[in-house]
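With this note's numbering as the guide, the letters of the sequence shown map in order to residues 292 to 422.
Just so you know, not all the hints are guaranteed correct.
[To be verified] Taking lysine-lysine pairs in the DSS-like style, the calculated list, with each CA pair at most 25 angstroms apart, reads:
{"id": "1", "residue 1": "K302", "residue 2": "K417"}
{"id": "2", "residue 1": "K308", "residue 2": "K409"}
{"id": "3", "residue 1": "K402", "residue 2": "K417"}
{"id": "4", "residue 1": "K302", "residue 2": "K402"}
{"id": "5", "residue 1": "K402", "residue 2": "K308"}
{"id": "6", "residue 1": "K416", "residue 2": "K302"}
{"id": "7", "residue 1": "K416", "residue 2": "K402"}
{"id": "8", "residue 1": "K321", "residue 2": "K417"}
Because the hints were derived from the structure by calculation, they are not lab data.
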Amino acid sequence: MEIELEKSLEKLLVWNKTRALRIRISQLVKRIPDQEKLRLSDQMIRCSRSISANIAEGYGRFHFQDSIRFYIIARGSLIELLDHLYVCIDENFITQETFNNFREEIYDCLKMLNGYIKYVRNQIKKKPPTT
Numbered sequence: 292m293e294i295e296l297e298k299s300l301e302k303l304l305v306w307n308k309t310r311a312l313r314i315r316i317s318q319l320v321k322r323i324p325d326q327e328k329l330r331l332s333d334q335m336i337r338c339s340r341s342i343s344a345n346i347a348e349g350y351g352r353f354h355f356q357d358s359i360r361f362y363i364i365a366r367g368s369l370i371e372l373l374d375h376l377y378v379c380i381d382e383n384f385i386t387q388e389t390f391n392n393f394r395e396e397i398y399d400c401l402k403m404l405n406g407y408i409k410y411v412r413n414q415i416k417k418k419p420p421t422t
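Just need the whole structure built from these sequences, with the hints factored in.
This is how it looks when you write it as structure tokens:
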């Protein structure tokens, strides 16, 4: 089965942006002290993976309303990741500059995801009711 490229997940800008964030988080946690590997680092990796994974799962759903539920979960994971970064700055694991860069990237992802949720909600309104 061949998938139309213009409708594939790989073309979805918000997924690509959160994928890039996930990759940067994976690199960051390698610098966190060993005693935090099973606590903070693991949480950050799981939550950053949850963001792009929920966008992918929502994208793969058949109904728009079902999709939105996963995009909202991805939003929650973005905010959770921001909280973990606050722990990193509070514990002096990262610099203020690193924190600021990640915070800006997270807010950019949130804006993009909010816009995508709005777009999908508008698609629901456009769809004629089924009988």
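Quick rundown of the hints versus the structure:
Proposed proximity of K302 and K417 is supported: the alpha carbons are some 23 angstroms apart, at most 25 angstroms. A threshold of 25 angstroms between alpha carbons decides the hint, and for K308 with K409 the separation of about 17 angstroms falls inside it, so the pair holds. Proposed proximity of K402 and K417 is supported: the alpha carbons are some 23 angstroms apart, at most 25 angstroms. The hinted pair formed by K302 and K402 meets the criterion: a straight-line CA distance of about 18 angstroms does not exceed 25 angstroms.
A hinted pair counts as satisfied when its Cα atoms are at most 25 angstroms apart, and K402 with K308 qualifies at roughly 11 angstroms. Distance check on the hinted pair: K416 and K302 sit about 24 angstroms apart at the alpha-carbon level, within 25 angstroms; holds. Restraint check for K416 and K402: the C-alpha separation of about 21 angstroms stays at or below 25 angstroms, so the hint holds. Distance hint between K321 and K417 is unfulfilled; the C-alpha atoms sit about 46 angstroms from each other, more than 25 angstroms.
When held up to the earlier numbered hints, the structure conflicts with hint 8 and nothing else.
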